[in-house]
Amino acid sequence: MQDLEFRKEVLKRAGPEVLTCIQCGTCSASCPTAHLMSPSIRKLIKLCLEGKKEEALKSETIWLCTSCQLCTIRCPRGIRPKAVVAALKDIAESEGIKGKDQAYEELFLKQIKEHGRISELPLSGEFLLCYPQAAVQAMEMGLEMAPRGKIFFEKEKVKGREEVKKIVEELGK
Amino acid sequence: MKLAYFPGCVSKSTGKEMDVSTRAVCSALGIALEELEDWNCCGATHVANELVATGLAARNMAQTDLPIMTSCSICYSNLRSAAQRMEDPEVKGKVNAVLTKKYSGAKVRHALDVIQEALDKNDELIAVPLKDLKVAPYYGCLMTRPRGVDSPEFPTILEKLIKTLKAEPLDFRLKTFCCGGPIFMPQEEAAEDIAYKILEEAKKEGVDVIVTLCPLCHLMLDAKQKAIENKRGEKIGIPVLYVTQLVGIALGLGPEELGLNMNVVSPMPMVERVYERMAEEA
Chain A
51 MQDLEFRKEV LKRAGPEVLT CIQCGTCSAS CPTAHLMSPS IRKLIKLCLE GKKEEALKSE
111 TIWLCTSCQL CTIRCPRGIR PKAVVAALKD IAESEGIKGK DQAYEELFLK QIKEHGRISE
171 LPLSGEFLLC YPQAAVQAME MGLEMAPRGK IFFEKEKVKG REEVKKIVEE LGK
Chain B
5 MKLAYFPGCV SKSTGKEMDV STRAVCSALG IALEELEDWN CCGATHVANE LVATGLAARN
65 MAQTDLPIMT SCSICYSNLR SAAQRMEDPE VKGKVNAVLT KKYSGAKVRH ALDVIQEALD
125 KNDELIAVPL KDLKVAPYYG CLMTRPRGVD SPEFPTILEK LIKTLKAEPL DFRLKTFCCG
185 GPIFMPQEEA AEDIAYKILE EAKKEGVDVI VTLCPLCHLM LDAKQKAIEN KRGEKIGIPV
245 LYVTQLVGIA LGLGPEELGL NMNVVSPMPM VERVYERMAE EA
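Quick note, the sequences are listed as chains A and B, same order. In this text, residue positions in the first sequence follow the numbering used here: the first is 51, and each later residue adds one. In this text, residue positions in the second sequence follow the numbering used here: the first is 5, and each later residue adds one.
Since the hints were made in silico from the structure, they are not lab data. Source: prediction; values computed, not measured.
List of simulated lysine to aspartate or glutamate pairs, DMTMM-like, C-alpha gap at most 20 angstroms: (1) Lys106/B x Glu219/A; (2) Lys230/B x Glu190/A; (3) Lys106/B x Glu212/A; (4) Lys106/B x Asp92/B; (5) Lys98/B x Glu213/A; (6) Lys205/A x Glu41/B; (7) Lys209/A x Glu38/B; (8) Lys216/A x Glu41/B; (9) Lys96/B x Glu213/A; (10) Lys93/A x Asp53/A; (11) Lys98/B x Glu219/A; (12) Lys108/A x Asp53/A; (13) Lys105/B x Glu212/A; (14) Lys62/A x Glu94/B.
Assemble the whole structure, with the sequences as input and the hints as a guide.
This is how it looks when you write it as C-alpha cells:
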C-alpha cells in the first residue's frame, strides 16, 4: 500500500532532493556494510519514494548504517542517503518500533538528555540489560580497558543539563 | 596561540590517551588550551534528528569566542556540520531560541591542522625524527566529511604531517574506509568484519604503525584487535597510535606523557626501534 504521508515525512527530514534519485546504485556500491543489507540502501530509497512504509521500517538496513557518509559525498544527485537513514530511524522511534539497535540509540540520547554527556561504562551496562548477548564483547573490552586506567565509573554531568534537555526535547518535536 | 579545547566524552575513558597526548603535545608546541566551558556531548553518530544534533553542537560552539580545537574527528565533523546548517536562518532561529548563550558563528579546528601549523613555523621542535618508520595514514570517515577539509575521499593532510615528522607515509588504500565503530555495540560482527579489512590491509603492507584521528577508529583497531585476532585465528600485532601520540614521540616526549601505556597493542617496541635507529645514526 502506498503511504504518501510517510513519503512526505521522509522528504521533509532528508530533503526534497531525494525525489531526484535515479537509482544508479552509487550509494550501495560505496557502503561498507552493503553486503549485509537487505534491501540495499538504493532499494531503501526507492521504498521511501513509493511510500512503502512497513517494508522500509522493518528492515535491518537502517541499523547497519555506520554514518560514514561515503554515499553522501558520492551521490551524483546530491542526495544524502545517510539523512534518509536518519529520517527512518527518527520515524521508527516515533512509531514506537523496538529492537536492540533502537534501544542503543534510545539509551544514548537518554544519557545526553539527562546528563549532557556520555559515560561509556554506564551506557554499556544499560545496553546489556536490553541485550545480554553483547556481554561477551563488553567483557573483552572491559578486560583490555580496566588495567590501562580507561574505565571511568562515574556518570559525567554538565551544569547546563536543563538547557541540554531542552535542546533534545524542544528541537526533537 | 590560545584555543578552546573540546575533549569529547571519550576523554575520560576509552579515549583517555587521546586527551592526555593532545594536552602534552600542545603544551610542548606552545599552544595554550582552555577547556571549553561546560561542554556537552556532540551527539556522536547516534542522534538521528538533525535539528537536535545541530542544537547539541551549537551549544558547545556558543560557549566561547576562541577558535575551538578537538582531537576527535566525530566531534569535529559534528561541529562543522552544525556550523554549516546554522548558516540557514531558519535553523539558526530555531536553535538559538532554545540556547542560553546564542550561537553567532565559530571556527572549528582539528588538532592535526593546529599541530601542522605549529610545526611549519618551527620544525626544529622535532627532536626525534621518525626515520624509516612506515606509517599507515588512517583517516576514517569523518575527518574530511562533510566537505570543506581536504578531499573527502582522497585526502593528503595526514601524509603531510607524517612526512614533517620524517616518517614514511604509506599509500594506504583503505585510508578513508569506515572502521565499523559506530555500530559495534549492537552489530558486533558487522563492525569487526570491516575493522578486520583495515587491519588485514595494514598487515599486508607491512606497516610499523597505524595512525588514527578518531577514538572510535582507535577502539576498533587497537582495543578490539586481540578479539579480532582470536576470532580469525590470525596474529596481527600492529600498534595503533593517535596522531597526537605519534607527534609526541617525534617531539621527544616520554611514554607516560603520551599515555603510551594505555594503548592495548603496545607501541613500546616500535618506539624503542625509533630510538635505536637515532642512536645508530648519531
